[in-house]
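Visitor: Residue-level listing of the chains:
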Amino acid sequence: MVSIRRWATPWLFLAPALLVTALIVLLPVANALWLSLHDVVLFRPKVRPFIGLANYVRALGDPVFWESLRHSIVWVVAAVSLQFAVGFAGALLLNRTFAWRGIARALIVVPWALPSVIIGLIWTWMLDFNLGVLNVLGVRLGLLSASVPWLAQLDTAMAGVILAIVWQGFPFFAITLLAGLQAIPDEHYEAAEIDGAGMVQQFWHITVPGLAEVIVTSLLLRMIWVANSLDLILVMTGGGPGTATQTLPLHAFLTAWSGGNYGQGSALAVILTLVLLGIVGIMLWRRRET
Amino acid sequence: MRQRKGRLRLFVGTEIPVAVMVAFALLPWLWMMLSSIRPERELTTSPILLMPQTLTLVHHITLLSRTSFGQSLLDSLIVATGAVSLGLALAVPAAYAFSRFRFRFRNYLRAQFLVINMFPVVMLILPLFILMRQYGLLDTYFALIIGHGTFTLPFSIWLLTSYFEGIPQELDQAAMIDGATRMQALIRVVLPLAIPGVVAVGIYMFIASWNEYLFALMLAGREVRTVTVALQLFIGENQIQWGLLMAGGTLVSLPATFLFLFAQKRLVGGLTGGAVKG
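Each protein sequence line maps, in turn, to chains S and B. Using the numbering used here, the letters of the first sequence correspond one by one to residues 139 to 428. Using the numbering used here, the letters of the second sequence correspond one by one to residues 229 to 506.
Calculated directly from the structure, the hints in this document are not laboratory data. Ideal Cβ positions, reconstructed from N, Cα and C, are used throughout, including at glycine. Among the hints, erroneous ones may be present.
Pair by pair, the computed Cβ-Cβ distance ranges are [claimed, not checked]:
id, chain 1, residue 1, chain 2, residue 2, range
1, S, Ser396, B, Gly298, 29 to 37 Å
2, B, Gln281, S, Gly378, 29 to 37 Å
3, B, Met261, S, Phe341, 32 to 40 Å
4, B, Leu285, S, Leu275, 24 to 32 Å
5, S, Gly397, B, Arg330, 43 to 51 Å
6, B, Arg330, S, Pro201, 50 to 58 Å
7, S, Trp149, B, Arg237, 53 to 61 Å
8, S, Ser396, B, Gln397, 53 to 61 Å
9, B, Phe239, S, Asn268, 33 to 41 Å
10, B, Asp406, S, Arg424, 47 to 55 Å
11, B, Asp406, S, Trp149, 19 to 27 Å
Chain S is faced by these chain B residues, among others (derived, beta-carbon under 7 Å) [said to hold, decoys possible]:
id, residue
12, Ala253
13, Ala325
14, Phe331
15, Pro355
16, Tyr441
17, Leu442
Using the sequences plus the hints, can you model the full thing?
Guide: Structure below.
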């Protein structure tokens with residue numbers, strides 16, 4: 139009796155969270171898998187025949203899928219590496235001692251607390267062809283010869299949405315890497331200095347190895363997040379002009395939603411998940427190897 | 229002389245670059261707020277003037293008196309408060325279990341909670357939509373509360389577990405020797421000591437719900453319309469009402485930003501703790 143109670147207590151405490159998670163996450167995941175194997179379209183809800191992998195075959199045969207995948211790769215690589223670069227620079231700066239460091243550290247995080255929808259609005263407003271402040275400044279400073287319709291042009295729209303997500307995400311890296319920097323003992327730098335190591339050598343031999351763990355983890359978390367995110371693009375361009383900013387999650391969303399094709403949309407979402415799981419799996423596996 | 233040189237180096241090498249970075253972080257946000265208090269004619273003159281000629285609250289007043297944005301603010305508040313209540317009710321006992329008991333699958337489960345974040349929202353949203361439509365739950369507070377309350381769970385449980393681990397187990401045991409049950413030990417002894425952490429996690433849940441867009445768009449949007457969805461209404465086919473949009477953006481972003489600045493230290497500590505530990 140006592141032993142059953144001992145055994146059951148932790149599970150009783152966990153039960154509500156597990157139950158709701160199963161209901162809101164696991165059940166839909168199973169459901170999405172089911173949908174992806176059936177022909178389910180909005181205008182014919184009663185007839186849902188099993189069609190095996192036909193949704194997957196059709197998705198992979200569609201050139202729009204490959205285009206979206208390409209856009210996703212550009213989106214993730216550019217967004218994450220720029221966020222990382224700006225955030226790392228920020229972390230190194232904020233790790234130095236100066237009078238208003240606390241305030242700077244607090245303020246730098248503001249973009250991160252804003253809703254994606256508002257971030258999308260802010261940057262759409264600033265990049266506007268007629269009224270955008272960035273166009274005004276660019277022309278006035280001589281960087282642009284004329285106003286540019288950033289989000290309405292095929293070759294600049296992606297750059298516009300990437301700029302917005304870099305702004306949203308760089309604080310995450312600044313703050314996580316700063317915490318990592320502060321965990322590196324000062325003695326290491328002092329010892330290096332005595333041995334005659336310069337700033338650059340100290341950076342490569344102490345800072346980077348000391349941060350390695352944090353860098354890998356934060357890159358991984360951020361990559362998953364950026365790869366899955368679609369609200370910012372949805373608000374700013376809706377995937378357009380044409381399909382110029384359509385990434386994989388957005389392609390899945392639009393196929394299901396505007397296209398009314400639930401089966402195919404789910405298949406695309408499952409493919410996205412598998413791609414991500416694959417990449418994360420390879421990264422974790424290689425990390426264990428080294 | 230040497231001191232002055234050091235001061236100059238600090239100024240040029242550190243303070244100016246930091247100022248540039250802070251400006252990059254804040255100026256777009258400030259530009260939105262400034263745009264929200266400029267009259268319509270200044271917002272429609274191209275090229276836009278950098279310095280406002282006159283300031284006005286006309287957009288804010290129109291937004292709150294002539295549109296349903298006030299109701300949307302209320303809807304967002306209800307949903308976010310509900311999500312915090314539900315989220316804490318689920319996360320506190322779960323985190324307590326992780327911090328106090330050693331049981332089979334414990335580490336496995338803790339990791340699984342983080343894996344959940346890997347599933348793309350786009351994969352969950354469609355089945356949830358179909359499911360909720362079946363049970364007539366679409367466009368209700370309940371739909372959004374349960375959605376928002378759940379997707380913040382992994383990080384919340386992670387954070388709370390580390391707070392609870394900082395509170396000595398002996399306190400629970402002393403309470404239980406005095407006749408308290410486990411639940412009473414949690415509520416009367418551990419929770420009061422963990423209040424700062426619980427408040428920080430609550431604020432995180434609130435902001436996450438307040439800022440959320442896709443669930444709010446897909447699972448509701450007509451009867452229950454949160455602010456992030458409501459803002460989109462000012463974007464028309466041919467015309468964008470920038471004044472109203474900027475005013476709405478200002479009103480929505482202020483509470484979230486202040487709450488975040490208030491809870492920042494604890495949240496960031498917990499977050500980076502999680503990231504550093506892997």
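Visitor: If a hint holds in the structure, say so; if it does not, say that too.
Guide: Okay, the hints, checked on the actual structure:
1. Taking the beta carbon of each, Ser396/S and Gly298/B are about 31 Å apart, inside 29 to 37 Å as hinted.
2. Remark: the range hint 29 to 37 Å for Gln281/B to Gly378/S is upheld by a beta-carbon distance near 35 Å.
3. At roughly 38 Å, the beta-carbon separation of Met261/B and Phe341/S lies within the given 32 to 40 Å, and the hint holds.
4. The hinted range of 24 to 32 Å is satisfied by Leu285/B and Leu275/S, whose Cβ atoms lie roughly 27 Å apart.
5. At roughly 50 Å, the beta-carbon separation of Gly397/S and Arg330/B lies within the given 43 to 51 Å, and the hint holds.
6. In this structure the hint that Arg330/B and Pro201/S lie 50 to 58 Å apart at CB holds, the actual value being about 54 Å.
7. About 60 Å separates the C-beta atoms of Trp149/S and Arg237/B, a value consistent with the hinted range of 53 to 61 Å.
8. The beta-carbon spacing between Ser396/S and Gln397/B, approximately 54 Å, falls within the hinted interval of 53 to 61 Å.
9. Look at Phe239/B against Asn268/S: about 39 Å separates their beta carbons, and that is inside 33 to 41 Å.
10. One distance hint, 47 to 55 Å for the beta-carbon pair Asp406/B and Arg424/S, holds here, with the actual separation near 53 Å.
11. At about 25 Å, the beta-carbon gap between Asp406/B and Trp149/S stays in the expected band of 19 to 27 Å.
12. Interface restraint check for Ala253/B: the shortest CB-CB distance to chain S comes to about 5 Å, inside 7 Å, so the restraint holds.
13. About 4 Å separates the beta-carbon of Ala325/B from the nearest beta-carbon of chain S, less than 7 Å, and the hint is met.
14. Below 7 Å, beta-carbon pairs count as interface contacts, and Phe331/B has one with chain S at about 5 Å; its hint therefore holds.
15. Below 7 Å, beta-carbon pairs count as interface contacts, and Pro355/B has one with chain S at about 3 Å; its hint therefore holds.
16. Interface hint status for Tyr441/B: upheld, as the beta-carbon distance to the closest one in chain S is roughly 5 Å, under 7 Å.
17. Checking Leu442/B against chain S: minimum C-beta separation of about 6 Å stays under 7 Å; hint holds.
Consistency note: the structure conflicts with none of the earlier hints.
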